[in-house]
Amino acid sequence: DTGVSQDPRHKITKRGQNVTFRCDPISEHNRLYWYRQTLGQGPEFLTYFQNEAQLEKSRLLSDRFSAERPKGSFSTLEIQRTEQGDSAMYLCASSPLGASADTQYFGPGTRLTVL
Amino acid sequence: DAKTTQPPSMDCAEGRAANLPCNHSTISGNEYVYWYRQIHSQGPQYIIHGLKNNETNEMASLIITEDRKSSTLILPHATLRDTAVYYCIVRVHGSSNTGKLIFGQGTTLQVKP
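Protein chains in written order, with our numbering: chain A, 1 to 115; chain B, 1001 to 1113.
What the hints contain is simulated information worked out from the structure, not anything from laboratory work. Since the model is a prediction, treat every value here as computed from it, not as a measurement. From the three backbone atoms N, C-alpha and C, an ideal C-beta is built for every residue, glycine too. Hints are not guaranteed to be accurate.
[Claimed, not checked] If you anchor each label on the Cβ, the simulated ranges turn out as follows: (1) B/Pro-1008 with A/Gly-16: 31 to 41 Å; (2) A/Asn-18 with B/Pro-1076: 29 to 39 Å; (3) B/Leu-1051 with A/Ile-12: 38 to 48 Å.
For reference, chain B alone in the conformation it holds in the complex (with noise of 0.2 Å):
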């Protein structure tokens, strides 16, 4: 699976949207890019994920950049309970793989008041 590379921290005011970038420049044609997020002292949890179209659901948007290179979660109003480290993941789709995620270090977001 490819590897991601993101910033350790960032901070966002509350009611703001939170832009969370990923590096990916290594992608293969067949991997997916996820998003989990993890609040503190609680198991990940899953956001959202896109091949190459820009997806969005009732917690975010992907924006995955043309070459899918690069991809941006976006938070449109973030709140205080947004604080949590988020998790980028590319990885093969299908039930052929065991499915493993492979998580980095995240980038930690402060929601401000």
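One chain only, chain A, in its complex shape (with noise of 0.2 Å):
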């Protein structure tokens, strides 16, 4: 399967735990995007990288939020200090630079349960 690939699937975790997830994009996309999905909403734009450049960041990317793409490839979220409202689906998006780059494919996204 060459999709868009994120791990884990679930992640459950205590308040205040860290946890990370990774994003596996589709091969030579050069665009990788974060996402955060609540229940009964539509996804949320949370950050962009062109490569390995993060180049665009949303204000709902607090402090306690860091994403890195550090060869240009895969990519990981790291919460810190988990707090209950972190609870959403994560989803990682990827799509190439040049005349398709605006269609996105998702990945199947990483669900978080803060306790």
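Join the two chains into one complex using the hints; note that each chain is given alone, in its own frame.
Below you can see the structure in the form of structure tokens.
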């Protein structure tokens, strides 16, 4: 399967713990996005990478959140000192930079539950 | 990016056409209309996009009004697997912007047997 993959699919943690999610985009896709989705709402943009450069961060991305894409391939999203309000589905998407750049391919998401 | 308005929910009988409307009265000349859908517990899936001409692909057809202030996504023969939340998004095209998608709450389409 050459689609976007995310790991883990589900994560249950206790409040105050740190968690890290991984996203593997489609090979050679330059653009990588993280979104967050809470129950009953549409996904909300968190951050954008073009290759290894993080070019945009949403105000939703508080200082407890950090994202990296060290070699321009996979990306990680870390949440420190988790809070119950962080419970959500975290979605990763990728797209190529070029003519079809505006079609994003989403992974299955990581569902985070903070107890 | 322009804001869109969609009905919160719609029903459709299996095998019939599903017509999902979207209003985007503040769309500007360089903004495209995109449709994505999200089946329960999955990530969103791209369906189709267009600027001003009607578009068709293997999944759906997109009809954009002449003034571009509204559009309709048509699933010609809906199946139970088309039950999903459908998002209409308008945005500027091209690599000079980040390409982030601004999702609304979408339309929940329920296809019934």
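So which of the earlier hints does this model not fit? Of the numbered hints, just 2 does not hold.
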